[in-house]
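Modelling step: build the complete structure from the supplied sequences, incorporating the hints.
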Amino acid sequence: NAGVTQTPKFQVLKTGQSMTLQCAQDMNHEYMSWYRQDPGMGLRLIHYSVGAGITDQGEVPNGYNVSRSTTEDFPLRLLSAAPSQTSVYFCASSTPYGYTFGSGTRLTVV
Amino acid sequence: EDQVTQSPEALRLQEGESSSLNCSYTVSGLRGLFWYRQDPGKGPEFLFTLYSAGEEKEKERLKATLTKKESFLHITAPKPEDSATYLCAILLTSGTYKYIFGTGTRLKVLA
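From first to last, the protein sequence lines are chains A and B. Number 93 in our numbering belongs to position 93 of the first sequence; there are no gaps in the numbering. Here our numbering runs 110 ahead of the position in the second sequence, where the first position is 1.
Derived from the structure by calculation, the hints contain no laboratory data. Glycine included, every Cβ here is placed at the ideal spot set by N, Cα and C. Wrong hints could be hidden among the right ones.
Facing chain B, a subset of chain A residues (Cβ under 10 Å, in silico) [unchecked claim]:
no., residue
1, Gln6
2, Lys9
3, Met41
4, Pro96
Here it is, written out as structure tokens:
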């Protein structure tokens, strides 16, 4: 009963590097999303997807790309990492009845 | 503008000292209000969903209530294991699954 699986749990990047945060869910949810969580700012929506092949921008999309080729997977790509992207990233899948969150990726950009 | 505000930001209670957390909202249309618990280093964990004013939900020492402008999370006789950050989120009627999260209340229960 995995739910939402995120990898890696921790990552350190140098400014300018790119990387992909992986997210997979096994609940057959259509809706998936990526949030970042920063102290004092709560959870902010980066990108979301309402189904395979459909993605859209959230509140803070700049510097991030997503794709949704299958219902299960929703990777988040950092194109050119910046220190402002240091944060904790959560992937979630949901129905109208609530979210299931992954355990998070703590990203530090130096 | 759709907005969710939680108060207080932080709360320290003695074990057994009951209290309430507040989530106030101003939204164009509310589809549902959600409470989550988040432990350090983990993702938020679902607690309750409330859909209409007057609705109440209970789980162990927690009780969530909803009015037209706010929700309360009542904690009765808390224990140290209730220490966590409690997040409130609203689901809007407009848009597809558009949630807005509050910044949370950090609860510390002292033994």
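Honestly, which of those hints from before does the structure not fit? none
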